[in-house]
Amino acid sequence: MKKTNAMRILEAAGVPYSSVEYAWDEAHLDAVSAARKLSIDPDMLFKTIVMISEDNEVFVFCVPAPSEVSLKKVRNITGKKITPLKLESLQKTTGYVRGGCSPLGMKKHFPTFIDETAQLYDRIYVSAGERGHMLCIAPADLQEICAAAFCDITEG
156 MKKTNAMRIL EAAGVPYSSV EYAWDEAHLD AVSAARKLSI DPDMLFKTIV
206 MISEDNEVFV FCVPAPSEVS LKKVRNITGK KITPLKLESL QKTTGYVRGG
256 CSPLGMKKHF PTFIDETAQL YDRIYVSAGE RGHMLCIAPA DLQEICAAAF
306 CDITEG
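At position 136 of the sequence shown (counting the first as 1) the number is 291 in this note's numbering, and the numbers step up by one without a gap.
By construction, these hints were calculated from the structure, which means they are not laboratory data. Keep in mind that the hints are not guaranteed to be accurate.
As the list claims (entries may be wrong) - Listed below are the simulated BS3-like cross-link pairs for lysine-lysine, each with C-alpha atoms no more than 25 Å apart in a straight line:
id, residue 1, residue 2
1, K247, K157
2, K262, K247
3, K263, K247
4, K158, K263
5, K241, K228
6, K247, K235
7, K263, K236
8, K262, K236
9, K241, K263
10, K241, K262
11, K247, K236
12, K158, K192
13, K157, K262
14, K157, K263
15, K227, K241
Stated by the list, open to error - Beta-carbon label-pair distances, calculated as ranges:
id, residue 1, residue 2, range
16, D180, E299, 32 to 40 Å
17, K235, E166, 30 to 38 Å
18, E212, P171, 28 to 36 Å
19, G250, P171, 23 to 31 Å
20, K235, E271, 32 to 40 Å
21, L226, E176, 28 to 36 Å
22, A295, A167, 13 to 21 Å
23, L226, Y177, 29 to 37 Å
24, N211, R278, 28 to 36 Å
25, A302, E209, 17 to 25 Å
26, E166, K236, 34 to 42 Å
27, A182, A293, 31 to 39 Å
28, D180, G234, 34 to 42 Å
29, S194, K235, 37 to 45 Å
Backbone N, C-alpha and C define an ideal beta-carbon position, used for all residues, glycine too.
All chains should be modelled from the sequences, with the hints used to inform the complete structure.
Structure below.
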């Protein structure tokens with residue numbers, strides 16, 4: 156597997172991780188499908204959701220594959236009304252495409268929040284920054300390298 160920016164960041168920081176690949180297709184880019192293809196618990200695979208406030212501040216949320224970001228909870232945490240970033244703005248804003256958006260290695264550092272359920276696991280899966288590539292990493296390591304906060308941010 157070729158190295159992604161996310162992998163290089165982890166290696167430069169000496170953070171242990173492993174990576175896995177899976178076959179993807181346009182019709183099944185969702186995180187639950189990725190978990191199925193990897194034969195892992197969907198609650199251990201965290202999708203990266205990028206959102207934007209009314210004043211154009213960008214936020215990153217990592218939530219379990221079957222869950223959704225609670226707009227009410229994240230408004231309470233950020234103090235801002237936020238909505239999902241438009242898909243056509245994703246690559247320009249983050250450097251990543253839908254289905255391959257990693258919380259690591261975005262064009263700029265954005266405030267990042269990881270759902271608190273990540274702490275239930277020794278390791279979780281997040282995108283490696285390309286479709287079909289996942290990183291397996293300790294939640295505490297992801298939190299540290301992303302300067303993220305663990306919070307209750309999901310519904311469903």
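Notebook entry, point to check: Are K227 and K241 close enough, with their CA atoms no more than 25 Å apart?
Noted result: 19 Å, holds
Note to self: Against the range 28 to 36 Å, how does the distance between the Cβ atoms of L226 and E176 compare: consistent or not?
What the structure shows: Between L226 and E176, where Cβ atoms are some 33 Å apart, the hint holds.
Next item on the list: Just tell me: holds or violated, for the beta carbon distance of A182 and A293 against 31 to 39 Å?
Entry: Because 32 Å falls inside the window, the suggested range holds.
Next item on the list: Decide if the proposed pair is consistent with the structure: K158 and K192, CA atoms, cutoff 25 Å inclusive.
Entry: 21 Å, holds
Checklist line | Beta-carbon spacing of L226 to Y177 - inside the hinted bounds 29 to 37 Å or not | finding: 30 Å, holds
Margin query: Check whether the Cα positions of K262 and K247 lie no farther apart than 25 Å.
Written below: This hinted pair holds, its Cα atoms lying about 9 Å apart.
Note to self: K157 and K262 were given as a pair; does the straight-line alpha-carbon distance stay at or below 25 Å?
What the structure shows: 20 Å, holds
Item checked: Proposed proximity, K263 with K241 (alpha carbon, max 25 Å) -> 17 Å, holds
Item checked: Distance restraint between K158 and K263, which requires alpha-carbon spacing of 25 Å or less -> 19 Å, holds
Check: Is the straight-line distance between the alpha-carbon of K157 and that of K263 25 Å or less?
Finding: Holds. K157 to K263 sits at ~22 Å (cutoff 25 Å).
Checklist line | Distance restraint between K262 and K236, which requires alpha-carbon spacing of 25 Å or less | finding: 23 Å, holds
Next item on the list: With respect to the beta-carbon atoms only, verify the hint that A302 and E209 lie 17 to 25 Å apart.
Entry: 24 Å, holds
The structure is inconsistent with hint 20 alone, although it conforms to all the rest.
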